[in-house]
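Heads up: the sequence shown runs through residues 1 to 143, numbered per the UniProt record's numbering.
Just so you know, not all the hints are guaranteed correct.
[What the hints assert, rightly or not] DEER-style ranges, computed between Cβ atoms:
{"hint": "1", "residue 1": "120", "residue 2": "15", "range": "18 to 26 angstroms"}
{"hint": "2", "residue 1": "2", "residue 2": "114", "range": "16 to 24 angstroms"}
{"hint": "3", "residue 1": "80", "residue 2": "31", "range": "19 to 27 angstroms"}
{"hint": "4", "residue 1": "108", "residue 2": "88", "range": "18 to 26 angstroms"}
{"hint": "5", "residue 1": "34", "residue 2": "114", "range": "23 to 31 angstroms"}
{"hint": "6", "residue 1": "93", "residue 2": "31", "range": "23 to 31 angstroms"}
{"hint": "7", "residue 1": "84", "residue 2": "32", "range": "36 to 44 angstroms"}
{"hint": "8", "residue 1": "21", "residue 2": "109", "range": "35 to 43 angstroms"}
{"hint": "9", "residue 1": "29", "residue 2": "88", "range": "36 to 44 angstroms"}
{"hint": "10", "residue 1": "90", "residue 2": "32", "range": "37 to 45 angstroms"}
{"hint": "11", "residue 1": "92", "residue 2": "30", "range": "38 to 46 angstroms"}
Derived from the structure by calculation, the hints contain no laboratory data. Treat the numbers as computed from the prediction; the structure is a model and nothing was measured. Just so you know, even glycine gets a beta-carbon here, dropped at the ideal spot from N, CA and C.
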Amino acid sequence: MAVSVLFEAGAEIGEARDIARDFLRSVRAERGVAVSAQATGLVQLVVSELVTNARKYAPGACLLDLVFRDGAVQVGVWDSSTTLPTVRGRDPHRVGQHGLELVRAVCRTFRAHREGAGKRITALVQIADDPGTADPASSRQGP
């Protein structure tokens with residue numbers, strides 16, 4: 001299950017969060033996966049941070065891809081800048097610029113690579129307790 005959305009330069013970041021929320025509702029409805037409010041919040045956080053960075057550091061549109069498989073959502077964002085992000089070390093005294101630090105903390109995997117005339121950032125967010133099952137009922141024990 002997947003969705004891809006192109007965000008033009010004038011699009012609002014809130015639209016990206018709404019798309020993530022709606023995507024997770026579809027995962028719940030179509031795949032029977034129990035998606036908690038916490039998992040929804042984490043996916044929305046990752047989407048918001050990655051789309052914000054794309055909008056802030058790259059000219060033009062960006063592409064958001066959401067893919068559900070194996071109990072996780074892969075969040076991918078492509079933008080037109082070939083400059084890979086620099087993840088800063090922890091610094092409790094730094095004000096701001098903690099976005100990628102947060103993303104890396106809540107994701108199973110994080111990857112940044114050049115792709116075509118830009119770059120792609122991908123992060124994997126676990127949303128199901130048992131990544132081996134799409135249907136939580138299938139992992140329940142019988143009476």
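Hint by hint, here is what the structure shows:
no.: 1; hint: 120 <-> 15: 18 to 26 angstroms; verdict: holds, 20 angstroms
no.: 2; hint: 2 <-> 114: 16 to 24 angstroms; verdict: holds, 22 angstroms
no.: 3; hint: 80 <-> 31: 19 to 27 angstroms; verdict: violated, 33 angstroms
no.: 4; hint: 108 <-> 88: 18 to 26 angstroms; verdict: holds, 21 angstroms
no.: 5; hint: 34 <-> 114: 23 to 31 angstroms; verdict: violated, 37 angstroms
no.: 6; hint: 93 <-> 31: 23 to 31 angstroms; verdict: violated, 44 angstroms
no.: 7; hint: 84 <-> 32: 36 to 44 angstroms; verdict: holds, 38 angstroms
no.: 8; hint: 21 <-> 109: 35 to 43 angstroms; verdict: violated, 22 angstroms
no.: 9; hint: 29 <-> 88: 36 to 44 angstroms; verdict: holds, 39 angstroms
no.: 10; hint: 90 <-> 32: 37 to 45 angstroms; verdict: holds, 39 angstroms
no.: 11; hint: 92 <-> 30: 38 to 46 angstroms; verdict: holds, 42 angstroms
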